[in-house]
Each structure stands twice: as C-alpha cells, then as structure tokens.
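A.B. asks: Put together the whole structure using the sequences plus the hints.
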Amino acid sequence: MSHIPDPNKSVNLTIDGIPVTVPEGTSILEAARKVNVKIPVLCHHPDLQVRAVCRLCVVECDGGKKLKAACANDVWEGVNVVTDNARLRGIRRMILEMILAEHPQDCLACIRNQTCELQELAHQFGIYRPGFPVEARHFDIVVDTDTLVRDMSKCVKCGRCVTMCQEVQTVRAINTSSRSVDYEITTPYDKPLIEGLCVYCGQCSSVCPVGAIYENDQTDKVFEALGDKERHVVVQTAPAVRVAIGEEFGMPHGSVTTGKMVTALKRLGFDKVFDTDFSADVTIMEEGHEFLDRLNNKGRLPMITSCSPGWINFVEVFYPDLLPHLSTCKSPQQMFGALAKSYYPSAYGVDPAKVTVVSIMPCTAKKFESERPEMNSSGYRDVDVVLTTRELARMIKIAGIDFPNLPESEYDNIMGQSTGAAAIFGTSGGVMEAALRTVYEVVTGEELDSVDFEDVRGHQGIKKSSVMVGGTEVKIMVANGLKNARRVMNSIRRGECDAHFIEIMSCPGGCVGGGGQPYATSETKRKRMEALYRVDRDMPIRKSHKNPEVQALYEKYLGEPLGEKSHKLLHTHYSTQGKHHWYVPHVTTSKRR
Amino acid sequence: MQQAPMTEGQVLKIMEKYNNDPQQLIAVLLDIQEASGSNYVDEKWAALAARVLDVPLSKIYDILTFYAMFSTKPRGEYVIEICRSTPCHFTEAEEVVSWFEKVLGIKMGETTLDKKFTLSRTCCVGACDVGPVAKIGDEVYGDLTLEKVNTLVRSYREGLPSFREALACQN
Amino acid sequence: MSKLKTLITEGAGSIRPTEVEDYMNVGGYNGLKKAVTMTPEEIIGEVKKSQLLGRGGAAYPAGKKWEHLLHIDIFPKYIVCNADEGEPGTFKDKLLMGKLPLRVIEGITIAGYVFGAKAGYIYVRGEYRKIQRVLKEAIMHAKGAGFLGKNILGRGFDFDIHVISGAGAYVCGENSALLNSTEGKVGRPRIKPPHLAEVGLFLQPTLVNNVESFASIPAIVEGGGSTYCEYGTPDSGGTKLVCLSGHVNNRSTYEVPLGLTLRELIYDPELGNGIPNGKRLKFFHLGGQSGPIGGPDQLDTPYTYKGLSSNGLSVGSGAVVVMNEDVSILEYLKGVTEFFLHESCGKCVPCREGNKQIYKILCRLATPGAPEPDDLNMLRRLVDTMISASFCGLGQSAAVALNTAWKIFKDEFEINAKPQALGHAAA
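Residue numbers (this note's numbering), protein chains in the order written: chain A, 1 to 593; chain B, 1 to 171; chain C, 1 to 427.
Please keep in mind that the hints were generated in silico from the structure rather than gathered at the bench.
Hints are all accurate, no fakes.
Taking lysine to aspartate or glutamate pairs in the EDC-like style, the calculated list, with each CA pair at most 16 Å apart, reads: (1) C:LYS130 to B:GLU165; (2) B:LYS44 to A:ASP190; (3) A:LYS65 to C:ASP384; (4) C:LYS185 to B:ASP21; (5) B:LYS73 to A:ASP190; (6) A:LYS475 to A:ASP455; (7) C:LYS185 to B:ASP54.
Just so you know, these numbers come straight off a predicted model, no measurement behind them.
C.D. replies: Set out below in structure tokens:
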C-alpha cells in the first residue's frame, strides 16, 4: 500500500548499534547524522532531490547482503543499520578509486583546491596513490561570456547541476547525455551556454562538488586596475555579500561583517569603498514612483521587479511577451555604476574616463549583466568588473589580510550611506518590503506605524499579501527561485494573476543564496537572511526615501524620480529577441595542459 | 537515388500524426530519422520538435544520444548493423564484418562515398538462432555467407527488393 | 514422449498470427472468456497456484505481484508488457509476439480485467520494428472481434492496448527505465523506493510483466493454476521457453516443462542435439549476458528456478548460450563486458566506471606479459563493488558472468598474471 510518511510518528532504529528515534520519512543518511555518524556522500546535496548515483553512501541493513543507499531510503521501525565495516570501506574506496582514475590530478592548480568535496573524500579515505592507472579525460575548458567556466574533465557526473538547472530553476540549459563511459553533463549539441537557454544564475556552480563549473575568476583584472596609478578604482558591495563572506574565513554563518569587509577593501587599495545599498535606496525611489505611476495611469500591471539579472535573462528567453511587466529600472548594481561614472565624478572632480567601477556581488549573472551593451548610459561602461563573493574572499586571502580580526570601518561618502530598506534587498521579499515602506509614505504622507512587513519575509517559494495604501488595496507577490517565478509568469500569461506588484529573484532565497556566494546549504542561507534582517533592525534609518545621501543626489543632480536624468541613467529596456540576438557571444576555449 | 531533404512541413506532419503528444517523443524522433533519408535527426528538427511538443531541447538531446538507434549525424541511406553480442561474435561475426568491408570497400563505422551504406555494430537483435546476423533497416539477415552478403549489397544498391525479401528472416 | 510442450506456443507457425479466427481455432480467448466470469481474487488465486515466476529474468512470483497491486486503492492502474527483449541469446518473446501476438494480447487483457485498468502498453524494443507492426495489426483485429476496446465480451469492460517502440537501449528492460521510456523520456532507471506497483507509469500503480508471463496467463486461467503448475515442478510451475544458441546444433526456441536437465536441453536430439563438429562443451551462459556461466560439471542440474539457483545458476530470460572448447573464457568475458560497456546507462559510478576498468583488466589478463601486479586483486574488488553497490539490476548483474566463470576457470584467469599478483589475490 502506498504510504505517505507521517512526520508526527517516530521510528526507532539503531545506527552502528547506537539507538536513535527520528520522525517517519527521515532518510538513513539524516538519521545517522543525528547520532554524529557522517556517511560519506558525493552526489547528495541537502537542498536537491536525491539522485543516489555516486553509491558512496551504501549501508547494510539488518545484516542483509543487499546494500541500500542511505540517501534514498527512509528508516523503518527496528532496523539495524551498519554504516561502517571492512566491506563498506572497501566498496567506498573502490568507488573513489574509480572516480579518481579518470579525474585530472592537478588539484594544486584547481579553483576548488581545498574546497573540493572529492579531494576531501580522497583524503578522508586515505587514498595516497591511485588504485588504477590514471587516464583523465581531456575536454576543452570553456569560458562562456566571461561569466561561467566549464571544465568538464573535472566533472564527476554527480548530476547536482542538472537537478538544479532542470528541476529547481527549470531553465533546462544543461542535462545529462549519452550513456556508459560517454555519459556526461552537457548543453544540447555541446553548444556554448550563450547559444542555449542558460540565464547565468550560476546555481549550477554553487552546488558543483568539484571544479567542473565555476565563476570566471576576474580577480586579476581587479588587481591590475588597483596597481594602475592612472585608474581611480571605486568598489560597491551588494547587500548579501556582508552576511556571507565571513564564512570563507571560518566565521560563524550569519555573521554580519560589513565593517571588516570595508576595512579589507580599503587595505586592498580601492580609492573609494561605496555601497550598493546606496543605489538600492535609489532603486526604491525610482521603482516606487514607477509603480505609483503605473497604478495611477493605468500602466501595465502587475509590475515586476528587475533587480535580478538572471531573472531578466529568464524573462527574455522564456516570456518575451511579458517583458512590459518588468520595471524599467536598472538593477542597483547598474544604477550605481551609472552614477559612479556621472554623479560621483562631477561631485568630486574626477575624470569619469579614469574611473574603474568594481562590483562585489553574490551573483554570477551580474557579470553577464555588466557586459550588456546598453549598460553605458553615462557614456562609459556602468560597471567594469564584477567579482563574486567567492572571488573577493580569494583577493583578501592573496593579500594576506586576516579578515576575522580586522577592525571595522565605514563606507565612504557620497555613495556609501544606506538604510535598513536597502540591506534587505539581499533576501527574498526585501525589495518588496523596502518599496512598501516608501510607497506607503509617499502616497499617504503619513509615517508607517511599523515598517516590518512580515508576510513577505521567509523562505517560501511564493509569498502573497496585500497592503492598504491610502484608499487602495495593493496586492503583492514575492517569488524566489526560477521554478516559482515560472509559476507566477504562467499565471500572468493565463490572466489569472490579480497582483499589482511582484518581486522576483532568480535564486532560491534571494541574493543570500546567489550563485556567487560561498558554498552553502539552505540552512546557511537562512542564517544569512536573518543576519540581513538584523542589519535592517539596527539601522538608524530604515526607509529609502529618508537616506540623506539619496536626498542629496536628487536635490543636486537627478532632480526627481523618473525625471529626465533618471530616465537616461537609471532606466533601461529589454529585448523580446532574447539574449541570443542582440548579444555578441564571446566564448573562449583552452586546451587542458 | 538520394531522397530530397526533409521539409518543415513533413516534420510537423509526423508530429501531428502523434497528436503533438510529448509522450510520443521517441516515436516522433524515430519517424523523423526514418524519413530523413540519411538515418539521423538533424538539430534543426530536434529544435522544432522541442518547440512544438514543448519539451526542452536538452531533454531531446539526452534522448538522441542515449538510445543507440538514433544518430545526430547523417549516416548512409542504409545502415548495416552487425551484431557483436557473444552468441553471434563467437559464431564468426567478425568474418561477416570483413565480408561487408570487402564488398562495400569501407571499414567498420564508415559510410560509402555514395552515402548509400554505413557499416556499424549493434548489440543483440534477437536472432541468435541464425547468427551471425546483419540488420538493415527493419530487416534481419541471418546465416550469412560471403555470397549472401554480395547479393544483399547488390539488391540494396540496385533497388531489387525481391532479392532481399528472399533472404530476410521471417520475423 | 516428446519433451517439447505447446501449452503457450500452440499454433505458433501454423496459424495466421493476427487472425482472431485462427487463434480461436487453437483455443484462443478461452482464457479471457472464462476470466470475465471470475472475480479478480479468483483469477489471482489461480495465478498464485500456478507458481508462475516472472519470465523476463527476475523470477518474481507473478501471483504475489498481482495480489500486491490489487490491494492498492489508487486508480487508474496501468498494465505494461515488457517486450524489450534485449538479453543476448534471447529471442523467445519475438517468437510469441510474431507468431502468436493474440495470446500475449489476451494475457494483457485478462490483467486489465483483473485490475480494472483502461489501458495497457506493450513496450517493444526498437529493433523489433516488424513485430511492432504485427502487434498493432493483431490489436486491431482483436478490437474488431470484440476482445479489446469498448465493452469487451459485452461485459461493460473497456480496455485498450498501445504499442510503444524502444529505440535501442538494453537498460530499458529494467522495469522502471522501461516506464520512463514509455513516457517518452530517456530510459535511465528510477530510484527505488517507491515501488512501481505504487508509483509506476505516469506515477500511477502499474503492473509490469514480461511477454512470456502474459502469454502464460490464458492457459493458467483456462486450465487452472494447478494444471499449469503440474507441467513443471512444484516450486517451478509450468513450461518455459528456452532459447538455445551459440555452439549447439539446433539453435532455436523450445517450450519445455521446467525440470529437464541442462544436459537434456543441450544434447537431446529433439532439443539442442549437441555441439557441432564433434567439439566438446566448454561452458554455457544462462539467462543472457547478465546471467551466470556454468561448466560441464553442472550439466546435470535440473533446469528449474530452485535447482539452478542452488547450484549458483539461474534461469533468467531463458537464454542458453553454449560455447565449445575453442573459446577462450577471457575473450568471451571481454565480449560480455563490452556489451555492458555499451549498454550501461552511465549514471551510477560502479556500473559506468566498473565495466570500463573490468574491461581493461580483462584485456591485460588475456595478454601475456600485460597484467599489472595488482590486477586480480583489483578485479575482485571491482566485481564485489559492482554487484553490491550498483544503482540498478544492470550494474548489479553485469559482473555475474565474470564472477561465476572465475570460479570455474581460475587457471585461465591467472595464467598471465604475474606471480606477485597471485599472491595478492590469494590474500
């Protein structure tokens, strides 16, 4: 009889002789972790559907000869599980030896050196020499539009990236193909990502256990700019970076490291350390007014946020008919870049041609976004180099900076001040909450009693709520992860969506779970989320329109939201043709040495 | 005589025959391959199927590379498949390969210059009672001899179906 | 008395395969006619009494499988016939579907009646294109005669059968892979649990049985399970289609009662009639490439499920590939491994990488001076890992032939291995 597990029922079992009681529906793997038994895994990832293909986690149940994969089998009453004995060790070692027999042995020259899960397992099992003669496969290394690198010689075919791309993000750019020894993870017809459906969310890279898919490391470019006396190098840091980068230095997950990060950036030699939170506040000014304009003048509704570049790519590829629903606002990163090459030079008397804008982003799609040809409204490229959180951590390590013990510093002005509203941009629901704080006060002219909009917070894929603004009920929705975005878009297409304003972020959890963040599971992402809400709570100013630097920007430079200058610098347009038709692909391949 | 290249209309018609049902994807792709004249599914038609049947191209590519009967590259009008599974292999399948190589003037895995024949290996086709066997299209030919191979190739090359019908296995 | 039986092959080759009238002249549809007068429980009772074990290779008791599905209260249920006959050396399902398609259809229809299913699927391997056409024609005729389609036999029971083509993948013989392929997807096996009886085709409860199993159902229903069972032995009921191939004089499919010895199968003049050219038998390979290899010493083993398994052998698909004294065991196993190297779906490590490494080691062992010192030890570990840790039945059985042959032909395995390698293997 088909049986749906009841988590309220408990199951008693033993793991290696240790009794444990867990809720029904718990996997053997999870049950073992409860009693501090770490069954080795390679294909398993706690946030992804079980694939059970690496077979490392096989265990013996009730002395049976037939082994079971601990990741794919739920516990049952009374079972005695053995997770470690000579037989199982032998099998696990053999599995690892087989994988290593075709894995390149150049660990020292690999981006995942010391963060590689295969390396860790080989170490854990004491594999100090190859069991089989090594015959590594040699595929070209493909760098796709300076964003993502695929080095498929390293691929262990665990399929995590495929589950991520096919099931979680529903982009379906990469998949398995062929069979047996030819089985591999690939795009259709082995084409570059740019020619397929990829939206560059980079979630594949965030679950890859080895160095097969990763961000295109551009730290050299930044070091070069910093070493160039002619360049005036300014940096912006996205909201979600400050609550994640500490993990790279062994700090507790969810640590708020804003001040240390600013110090580190100053020590690296940036001329100005600014904050994307500043331009997030600007985004609220523009987007909030755009929404009110659409609401009052029968513009296209629901209006959907446009901060997440993976999401923008997604709409262009899959829902070109719904592009008019997108806010025309550039993302905070690009708004910052445009202002850093116009407003900032004019205020500080710097030659904009000499300004290099570097972004630190939780995101791989931001690299792609910065390269979009239209992102040059100031006459210069808005943003010159985008680094992910992981890359900044690498720079800090190279420079020998002892991050956890750094003193704290403040951002520079005139683009460094921000609000609690901006901080929460880094988590799903944050843009919506920030917008509501401003929209409400702009419309009603009254102070909000409470600025906390709890309904839009949290990890759920789709959140719905409504808010009375003046006499109007504004229906809102928040979605994170592209599978959820797809659901929302389908409902709009079918004419079944009654929301007025929707926030969508391409990564699960929002930017805290971005494709460029330190490798983590949803548990860590939740801690980052909580940290951002702490940042918000502790800020003296929590509404974007109350940011003094933003007020100064409008007073001295932009005039008013949606004004002529804003329109030129801070807004953009989208292509119904999808990225393939307007973007000149550049893909470089290099032979493995 | 080479068939004219397939048109989009033909491909759409194949899909209509299956009510544009994505569950019939494998059947659709087999039919496209059969109608191609070159025993393969062109990328263009795979992309069209992806669009019409609303199946991601990445899934179609997985299917085309997973199932042995599909090819993503053009092959000869007739693909001659020699069974290499053990019951045939140890009843002199290798000799059959050499006969075909000799008669066709190509090596295993190659296609004749006139694009008429491709010689390839296959796994068991379920005719071990008459091994060694060759499968050409839907037909299986067993108990092969050099003479039979000669006759077969001639009948396909010159379009003499009566010859090969006499040689084909019953089922 | 002849050793050959025609319990389920009656009419094969003598009647027009797709004509309902011809089929009825050899007792066709008596099973279905009786079935519709019985309750599902009664029919399953007969299937249980028959001791019918799954004829595809896994030998799972059909009655138990049917009973399990009957107790699942989720609808619709689907009936799927596994006709992906891909085990080398096996060509019995082709015989049934090509010469007696209506018997297979009748069996599936009875299952449809038992489970209240509306649709059945016959998944036929892509290489059997001609057979697929025969089946489609037979289905059409069965509908015309009121044995399929709407209101079957006037009993208000609707059931239709669809023929689905594979496209060249041995692994689709694995039932969950077969269902994926039937749904138009790539045919890699699914994770179990859940069981297919609960979450099968289109995620609905599903019965999957082999062609020969379904073809046995009409006889079981018509004559009763006990009568069917009496053809064989008490623990292995009924008859079995056996395919003889390789170095044997009469290569063909035979319907035999379970219980003959392997020697009878291979040497009886009515059956295999011995080895050609006066050669001696070196070994036989049972049940396809995934099955065990046996030597001359095991020839007197009775060909029953229990008899074979207690001798380290198994019926599997019913293939019996005979090899003569000229065949090198290592060359033969290279052939077997090459097959799995071609057919592995590739997703799990033990099967994908294991077959490759086994093949490399076998090549070295077959070449004087080539073996590495640790080869035999590594081979042992590879075989154990594949058998116990692979994702699905394909990987778990890919090294069975090697494992069983190693015991019989130890000397041939080790002749080229260096002395120090022998030391390791013994340890």
